[in-house]
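Enquirer: Next come the chains, spelled out residue by residue.
Number of protein chains: 2
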Amino acid sequence: MGEPTKILLDESELPRQWYNLLADLPSPPPPVLHPGTKEPVGPDDLAPLFPKDLIAQEVTTERYVDIPEEVLEVYRLWRPSPLYRAHRLEKALGTPAKIFYKYEGVSPAGSHKPNTAVPQAYYNALAGVRRLTTETGAGQWGTALAFACSQFGLDCEVWQVRASYDQKPYRKAMIETFGGVVHPSPSDLTEAGRAVLAKDSESPGSLGIAISEAVEVAAGAPDTNYALGSVLNHVLLHQTVIGEEALAQFAKVGLTPDLIVGCTGGGSNFAGLAFPFLREKLSGRMDVAVRAVEPASCPSLTKGVYAYDFGDTAGMTPLMKMHTLGHDFVPDPIHAGGLRYHGMSPLLSHVYELGLFEAEARTQRECFEAGVRFARAEGIVPAPEPTHALASCIEEALRCKETGEEKVILTALCGHGHLDLAAYAAYLNDELVDHELAEHDVAEAVAALPSIPG
Amino acid sequence: MGEPTKILLDESELPRQWYNLLADLPSPPPPVLHPGTKEPVGPDDLAPLFPKDLIAQEVTTERYVDIPEEVLEVYRLWRPSPLYRAHRLEKALGTPAKIFYKYEGVSPAGSHKPNTAVPQAYYNALAGVRRLTTETGAGQWGTALAFACSQFGLDCEVWQVRASYDQKPYRKAMIETFGGVVHPSPSDLTEAGRAVLAKDSESPGSLGIAISEAVEVAAGAPDTNYALGSVLNHVLLHQTVIGEEALAQFAKVGLTPDLIVGCTGGGSNFAGLAFPFLREKLSGRMDVAVRAVEPASCPSLTKGVYAYDFGDTAGMTPLMKMHTLGHDFVPDPIHAGGLRYHGMSPLLSHVYELGLFEAEARTQRECFEAGVRFARAEGIVPAPEPTHALASCIEEALRCKETGEEKVILTALCGHGHLDLAAYAAYLNDELVDHELAEHDVAEAVAALPSIPG
Numbered sequence: 000m001g002e003p004t005k006i007l008l009d010e011s012e013l014p015r016q017w018y019n020l021l022a023d024l025p026s027p028p029p030p031v032l033h034p035g036t037k038e039p040v041g042p043d044d045l046a047p048l049f050p051k052d053l054i055a056q057e058v059t060t061e062r063y064v065d066i067p068e069e070v071l072e073v074y075r076l077w078r079p080s081p082l083y084r085a086h087r088l089e090k091a092l093g094t095p096a097k098i099f100y101k102y103e104g105v106s107p108a109g110s111h112k113p114n115t116a117v118p119q120a121y122y123n124a125l126a127g128v129r130r131l132t133t134e135t136g137a138g139q140w141g142t143a144l145a146f147a148c149s150q151f152g153l154d155c156e157v158w159q160v161r162a163s164y165d166q167k168p169y170r171k172a173m174i175e176t177f178g179g180v181v182h183p184s185p186s187d188l189t190e191a192g193r194a195v196l197a198k199d200s201e202s203p204g205s206l207g208i209a210i211s212e213a214v215e216v217a218a219g220a221p222d223t224n225y226a227l228g229s230v231l232n233h234v235l236l237h238q239t240v241i242g243e244e245a246l247a248q249f250a251k252v253g254l255t256p257d258l259i260v261g262c263t264g265g266g267s268n269f270a271g272l273a274f275p276f277l278r279e280k281l282s283g284r285m286d287v288a289v290r291a292v293e294p295a296s297c298p299s300l301t302k303g304v305y306a307y308d309f310g311d312t313a314g315m316t317p318l319m320k321m322h323t324l325g326h327d328f329v330p331d332p333i334h335a336g337g338l339r340y341h342g343m344s345p346l347l348s349h350v351y352e353l354g355l356f357e358a359e360a361r362t363q364r365e366c367f368e369a370g371v372r373f374a375r376a377e378g379i380v381p382a383p384e385p386t387h388a389l390a391s392c393i394e395e396a397l398r399c400k401e402t403g404e405e406k407v408i409l410t411a412l413c414g415h416g417h418l419d420l421a422a423y424a425a426y427l428n429d430e431l432v433d434h435e436l437a438e439h440d441v442a443e444a445v446a447a448l449p450s451i452p453g
Numbered sequence: 000m001g002e003p004t005k006i007l008l009d010e011s012e013l014p015r016q017w018y019n020l021l022a023d024l025p026s027p028p029p030p031v032l033h034p035g036t037k038e039p040v041g042p043d044d045l046a047p048l049f050p051k052d053l054i055a056q057e058v059t060t061e062r063y064v065d066i067p068e069e070v071l072e073v074y075r076l077w078r079p080s081p082l083y084r085a086h087r088l089e090k091a092l093g094t095p096a097k098i099f100y101k102y103e104g105v106s107p108a109g110s111h112k113p114n115t116a117v118p119q120a121y122y123n124a125l126a127g128v129r130r131l132t133t134e135t136g137a138g139q140w141g142t143a144l145a146f147a148c149s150q151f152g153l154d155c156e157v158w159q160v161r162a163s164y165d166q167k168p169y170r171k172a173m174i175e176t177f178g179g180v181v182h183p184s185p186s187d188l189t190e191a192g193r194a195v196l197a198k199d200s201e202s203p204g205s206l207g208i209a210i211s212e213a214v215e216v217a218a219g220a221p222d223t224n225y226a227l228g229s230v231l232n233h234v235l236l237h238q239t240v241i242g243e244e245a246l247a248q249f250a251k252v253g254l255t256p257d258l259i260v261g262c263t264g265g266g267s268n269f270a271g272l273a274f275p276f277l278r279e280k281l282s283g284r285m286d287v288a289v290r291a292v293e294p295a296s297c298p299s300l301t302k303g304v305y306a307y308d309f310g311d312t313a314g315m316t317p318l319m320k321m322h323t324l325g326h327d328f329v330p331d332p333i334h335a336g337g338l339r340y341h342g343m344s345p346l347l348s349h350v351y352e353l354g355l356f357e358a359e360a361r362t363q364r365e366c367f368e369a370g371v372r373f374a375r376a377e378g379i380v381p382a383p384e385p386t387h388a389l390a391s392c393i394e395e396a397l398r399c400k401e402t403g404e405e406k407v408i409l410t411a412l413c414g415h416g417h418l419d420l421a422a423y424a425a426y427l428n429d430e431l432v433d434h435e436l437a438e439h440d441v442a443e444a445v446a447a448l449p450s451i452p453g
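Chains as they are written, first to last, in numbering that gives the first Met the number 0: chain W, 0 to 453; chain H, 0 to 453.
Heads up, some of the hints might be wrong.
A pair counts as met if it fits within one copy or between any two copies, since identical chains are not told apart.
[Claimed, not checked] Each computed DSSO-like pair below joins lysine-lysine, with the alpha-carbon atoms no more than 30 Å apart: (1) K51 x K90; (2) K5 x K251; (3) K280 x K406; (4) K5 x K280; (5) K320 x K280; (6) K37 x K51; (7) K406 x K251; (8) K280 x K251; (9) K400 x K90.
Source of the hints: derived by calculation from the structure; they are not laboratory data.
Please model the entire structure based on the sequences and the hints provided.
Expert: Following this line, the structure appears as structure tokens:
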């Protein structure tokens with residue numbers, strides 16, 4: 000028996016704290032602005048949507064935040080998640096590179112999303128909230144929140160982007176199995192949804208529109224809060240449990256990664272794995288390159304602008320400085336629904352501006368090719384989202400084959416593709432259409448950004 | 000932190016041998032007979048379909064069989080599988096019972112099936128075979144074999160029962176992602192399939208028909224063998240890795256189960272968990288009750304007869320003494336496709352006749368009710384097959400609530416239901432139809448059993 004295939008941690012080794020990268024950055028990110036006054040928002044502005052504990056986590060500059068015991072108890076259903084050494088993929092590629100993947104598909108929703116859904120449901124239940132509303136793209140987040148709500152006795156109502164709702168009926172069934180309720184978005188249940196439908200009754204929807212709908216319902220009901228599955232600081236904070244575990248797992252085999260690769264939509268999976276490693280890098284304890292991979296059809300980091308924009312389509316959210324394609328941008332309905340978001344997390348955008356990681360964009364076809372290659376070697380069918388990172392990893396590993404470099408590569412395998420098999424069928428039947436965004440599309444998309452004084 | 004949620008084994012603790020219950024039974028099972036001569040079959044009779052190593056395992060009376068290193072290397076992609084303590088389900092039920100589940104859904108196919116698919120592909124590749132054919136019901140076995148073939152460079156061709164092929168299109172996509180080819184059964188590619196279609200062009204198919212098709216193709220091509228996902232001795236042997244791990248995991252927490260509950264179709268998942276525990280029971284080292292749960296629509300153990308019958312519909316296989324509903328029996332197209340088989344494993348049938356376990360039958364609706372209850376508490380959506388065992392477990396745990404008994408219950412959670420969510424949707428929308436088999440249906444089904452002299 001050679002090196003282990005799975006590097007496991009015991010439940011007693013589950014991290015007890017989330018890590019807050021804000022504490023270690025050389026400068027803070029630009030403030031979040033009120034959409035009306037365009038002044039920095041305070042905790043009170045967020046109170047109609049979020050409980051006080053999450054608002055506190057959104058703005059804290061403490062380096063570590065304790066994970067409540069009630070959250071740890073639910074985490075233990077699947078955490079610590081395994082770190083895999085991809086022995087069989089390396090062999091199939093004939094590469095001297097050592098490829099590792101941190102696998103979040105073992106969670107109830109099959110992705111990294113429950114890492115934040117569980118604490119969000121917990122803090123809301125603690126605050127006496129009865130119902131959470133949210134949006135979902137591919138459906139991973141909606142599933143995660145429905146599961147989390149079932150654990151803490153909350154109702155859960157989900158607006159799912161219609162493109163995904165139609166492509167992935169199993170996601171609705173899974174959300175309902177966990178006790179949640181699902182609406183396709185745009186829906187006629189909200190002002191925001193009706194406005195979109197009035198312009199285009201066949202709208203495929205977008206995360207931005209679905210957010211508007213969920214926020215509108217939460218803002219209008221006293222016992223109801225809103226939950227977001229990515230983008231915000233507290234979401235990224237909760238996801239750092241991934242990277243903390245990975246650090247402990249690498250320590251067990253006496254290695255450190257030379258390169259970390261993750262896919263980015265809103266940025267939470269990527270940040271969750273990368274931030275604890277960036278702490279090590281910033282402190283000089285570790286020399287590691289970090290790479291974000293986004294879809295060519297929705298390339299906020301590589302083709303968007305860094306500017307203040309709304310998080311949603313209707314302009315109801317605070318203004319955040321981020322890499323954005325414009326809040327009106329509706330990306331083509333690609334299969335990686337979790338990456339179809341017009342903006343990038345403001346914190347991650349700031350970290351990108353600080354030069355702490357690189358970014359690249361890839362087309363669907365090369366991503367699914369990597370996904371199939373990975374599945375046949377490793378036995379896990381990846382979700383379409385992490386195939387973006389896998390495509391980059393495989394290219395890097397083949398580069399190492401040329402140079403003979405034994406690079407240690409770590410990738411975030413943030414979910415399985417069991418509910419995305421229709422996409423694999425489309426790829427295998429050569430029916431995938433690729434949508435690469437042209438420069439003029441981007442220019443058009445960002446033309447309507449809100450103007451910020453000063 | 001209380002008792003652990005997951006009891007894990009290290010890869011170094013992966014069992015190195017499969018266990019053969021035949022070595023410890025007070026009497027051997029009745030011989031398998033040649034369909035023509037009705038004399039006991041010898042190894043040569045099986046050679047057109049199976050490689051010599053598997054034939055040897057089919058008839059061996061050795062207590063332990065070494066697991067080849069090449070098989071262990073693939074097993075390590077997901078094994079040892081976790082043993083879970085269902086803390087949250089216990090709490091939801093308010094029971095003093097301690098419920099454990101051995102979870103096989105972490106495998107590449109999402110079920111226990113790769114435990115035997117991998118060694119079967121390995122031994123066939125070792126023997127120079129180029130292609131394997133097989134049948135599949137729910138699709139779990141076809142997926143497992145396609146994955147296993149991808150690991151050893153074999154082609155894989157799968158006949159899938161049409162009822163499941165139509166209900167579960169994602170399974171086809173998953174088999175194809177692993178590189179396999181899928182045909183709905185009955186198909187017009189074989190004599191056996193054409194004969195069924197001639198009688199009923201809308202036939203929903205059955206495992207018996209699909210076996211006939213796959214066997215026919217394998218028997219007619221020199222470089223092609225056939226692989227079976229349940230029923231046979233060597234399949235049950237390979238699955239004992241489940242029970243051996245569970246024994247080691249219980250030893251870690253200093254407990255032994257009072258009751259083991261598993262679902263039965265062909266019997267391999269149930270036998271895989273139960274046989275190592277039956278060894279302990281037969282030796283007097285452990286006192287444990289064992290219970291098989293089958294679907295009310297296909298109740299071979301509880302309503303079938305114990306008689307010689309064919310394993311397939313066309314009557315091409317050897318005759319095996321087993322609990323059977325008759326090889327012509329086509330069960331209603333329930334969602335637990337993996338349990339839709341007319342017969343029970345001959346070895347397991349013999350063990351049942353020896354009084355070593357009990358059996359009961361349950362309807363779909365109560366099984367899905369248990370599945371949803373389990374999912375909301377534990378976060379795992381179970382495949383429809385193991386919900387049969389869960390329904391029995393939950394009933395038992397509620398009985399313990401009445402009596403105050405702290406019974407230790409172990410159930411085989413043999414797979415996840417990610418590709419069965421249409422069935423959950425049907426249950427949640429109250430669209431499930433239950434099919435309980437009447438006595439006269441059974442009498443009719445077994446009327447045409449072959450006559451055996453003596």
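Enquirer: Evaluate K280 and K251 at a C-alpha cut-off of 30 Å and name the case that applies: within, between, both or neither.
Expert: Within one copy, since 19 Å is at most 30 Å while 39 Å is not.
Enquirer: Checking K5 and K280: alpha-carbon separation at most 30 Å within a copy, between copies, both or neither?
Expert: Within one copy only: 25 Å inside a chain, 33 Å across chains, cut-off 30 Å.
Enquirer: At most 30 Å between alpha carbons: which applies to K280 and K406, within, between, both or neither?
Expert: within (17 Å within a copy, 51 Å between copies)
Enquirer: My question is about K37 and K51: at a cut-off of 30 Å on alpha-carbon distance, are they close within one copy, between copies, both, or neither?
Expert: within (22 Å within a copy, 77 Å between copies)
Enquirer: Give the relationship of K5 and K251 under a CA distance limit of 30 Å: within one copy only, between copies only, both, or neither.
Expert: both (11 Å within a copy, 20 Å between copies)
Enquirer: Evaluate K51 and K90 at a C-alpha cut-off of 30 Å and name the case that applies: within, between, both or neither.
Expert: Answer is between: at 29 Å across copies they meet the 30 Å cutoff, but 50 Å inside does not.
Enquirer: With identical chains, the pair K400 and K90 could be close in the same copy or across copies; at 30 Å between alpha carbons, which is it: within, between, both, or neither?
Expert: So K400 and K90 pass the 30 Å test inside one copy only (11 Å; across, 53 Å).
Enquirer: Pop the pair K320 and K280 into one bin, within, between, both or neither, using alpha-carbon distances up to 30 Å.
Expert: Classified as within; 25 Å inside a copy, 67 Å across copies.
Enquirer: Classify it for me, K406 with K251: is the Cα-Cα distance of at most 30 Å met within a copy, between copies, both or neither?
Expert: within (18 Å within a copy, 38 Å between copies)
When each numbered hint is compared with the structure, no violation occurs for any of them.
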